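Participant: Build out the structure end to end from the sequences listed, making use of the hints.
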Amino acid sequence: MIISEKIISNISVLTPEGSLDAATVPQLKNFTAKSEVTPTLVLNLSGVDFLDSSGLGAIVGMARNKRESGGDVVLACMNDKVRKVFEITQVARLFHIFDDLEAAAGYAEKQQKSL
Amino acid sequence: MKTIIVIREKDYRWVRHVFPDIHPLLLPICNKPYIEFLIDFSVLSGSREIRLASDGPLGEVEAYCENGSRWGVQTSYASIQGTDDLEVVLEKNRHFCSDGRSLVINGMVFINYDQKQEYKTVFASLPAGELLSCSGGSLMLTGVPENSGSISRSCPFSISSIDSVSLYYNLSIDILNDASTPYVLPGYNNEELCHIGRNVIIGKSAEIRKPVVIGDNVQIQGGAVVGPGAVIGSNVIIDRESSVIRSVVLAHTYIGEQLEVEDKIAAGNMLIEPESGASLAIEDPHLLTGIKKSGATVPFLRYLLHTLVALTIVVFQLIPFLLLFPVLKLQGKWKQRMQECFADMSGKTLKLSETAIETGGPISTIAAFLSLDRFFLLFRVLAGQLAVIGSRPVPATSENRDLLNRMPGYRAGVFSYAEAEDWPVEADDMAIVERFYAAQGKPLRDITLTMKALFNRIHDKSLP
Amino acid sequence: MNFRIDTTADPNVGVVTLSGRIDAGNSNELQNSFMSWVLETSLFVFDCTNLDFIDSSGLGAIVSCLRKALERKGDLKLAGLGSKVAMVFELTKAKKLFSIFPDAGSAVRSFENSEP
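Protein chains in written order, with the numbering used here: chain A, 1 to 115; chain B, 1001 to 1464; chain C, 2001 to 2116.
Derived by calculation from the structure, the hints in this document are not laboratory data. Quantities reported herein were computed from a predicted structural model and do not represent experimental measurements. Any given hint could be a false lead.
Cross-link-like lysine-lysine pairs, in silico, DSSO-like; alpha carbons within 27 Å at most [claimed, not checked]: (1) Lys1210/B x Lys2068/C; (2) Lys81/A x Lys1442/B; (3) Lys29/A x Lys84/A.
Quick look at which bits of chain A chain B covers, simulated, 3 or more residues with Cβ under 8 Å [unchecked claim]: (4) 48-60; (5) 95-108.
Heads up, the beta-carbon is just placed ideally off N, CA and C, and yes, glycines get one too.
Facilitator: What follows is the structure in structure tokens.
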């Protein structure tokens, strides 16, 4: 899995590509642990074509860590298949989900400022 | 033009309360699901794409509407939070709303339109902003009008809220009585004020009095009187000499002999007085009952596999169980209590024994190591009552009945899917894993997951 | 449930208080008790204020009580039907067979007015 990072509206945007499953979850965890990401970050899921239960676990865990320190994880651009997984497991209730990357970053920036 | 329908759980709480089995967007109004009225109006307004945004579950609606090709539109779905205001909702759907105009239908509102009218040009000349509002929600337009030359402010349609069972009933009866048929209703419509579905059997000397709307697969037995003013859902039986007048009978309902349903809503075994909102669960199956939806037979392959897995575990556990159980019982460490739990989504209940083995001492450790606490439950799998792996059994209480609606694919299991995963740290996480696997329904994978759960429990128990 | 008849309000009118449930479990008992009551009087009031539940066999029992009272030129009136019990009476058309009063007192008085 390739994970890239960029900054939009002063917010780190992580873009993992490929499938997010038991095999690739450690990669994502390492990446967020190492890199200097902003307290609130955007996870751009446009490149994720497959997500299993451990992938969900990684995203939920990441959000829990961020929230403990007052930040958050905002999700953006998930494809239909991934959205269905979020919907059926009701993980969607736990996140702010945007269909547009800029809108997500803008929202995340506002959240971060209000801290 | 696009349409975005924003509906929150708080908008439809009353529907969940009165009709727990029906998704509020699929609530039939004169046998036509509520969402279809919204889709029809969107199509008349010239929309080719419709997005549904909700903080509640949309799975059932998605299964019903699919991609929208039935209406010649493209439907998509989005999740929002219950606390999001409309501005945030539109931000979350910025990509969808970005090109051109969007009609925003906000809340559980009913749009009073006329299918014979043409709304495309009307919408093209309406200004952006709120068009109409009522207590239940509003109608809004975004984007610049196409013919900016001739901006008009008048809407040739109105909205009303559907926020109680009495408003729902009145709306149904009003639509039923409207001879101008402003909406397309399901069924054959050879004459005014009469819609009849497929495979409707009307017995000798039964009377149908207009206005009526009757669904598919309906039996009206001899001497029965239906109408004036009756909405009969699909798969309904109205037995001999009963009458249904100014009433709504929802799908899958049996109305017994010689009864009189007047100014009521009947749904399964529930009888509701719309005026007061009082509802009564009829426990007598000779009067009113729900008709079981067929087709939900337990897939045989899954039963077979689960039985095999359970048998294998029983064989492995048998000798250790026979050796350790009497000792633990004597030590008073084998704690067992009975609990009434939900078996599956239908709300059927089971009495299950829940065993806890008190820790301390090598014998307890070995027993826990081998998951002997589940030994008795495994036999329930052989009886077809439990899954070998599924959800943690939910205690059967009335509050938990609501919870069940949020757990699609729920089946009580000896082991829980959550036990097969390493990551869940709290109860909510476990629920996520359970829903994930329950929704997939792959029997073969259940075998590996059961083994994983057994292994994980060993790992768990070996910690001091 | 033990069914008891009370004639303190009016010696000619038997007031029977129904409470809890009337179902297959006790409807026979009600009918049997009624058989002995009709030997003494033919005017009855069933006070349903505390009745929470009734099923078709309970309804059947009450209707057969009414029939026996009518056979002896008497009547059986109902009082204090709760909304749920009233819905069952309405649904089964049993409501049309009975005179229904808001409370037992008014039901008893209605007999006084009609007595010769």
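Participant: Count the residues of the segment 48-60 of chain A with a beta-carbon closer than 8 Å to any beta-carbon of chain B: does the count reach three?
Facilitator: With 7 residues closer than 8 Å to chain B, the segment 48-60 of chain A meets the three-residue bar; holds.
Participant: Taking only the CA atoms, is the gap from Lys81/A to Lys1442/B under or equal to 27 Å?
Facilitator: Holds - the C-alpha atoms of Lys1442/B and Lys81/A are around 17 Å apart, at most 27 Å.
Participant: Tell me if the straight-line CA distance from Lys1210/B to Lys2068/C falls inside 27 Å.
Facilitator: violated (40 Å)
Participant: Does the segment 95-108 of chain A contain three or more residues whose Cβ lies closer than 8 Å to a Cβ of chain B?
Facilitator: This one holds; 10 residues, not fewer than the three required, reach chain B with a Cβ under 8 Å.
Participant: Has the given pair, Lys29/A with Lys84/A, been kept, meaning a C-alpha gap of at most 27 Å?
Facilitator: At roughly 23 Å apart (the allowed maximum being 27 Å), Lys84/A and Lys29/A satisfy the hint.
Going down the numbered hints, you'll see the structure goes against just number 1.
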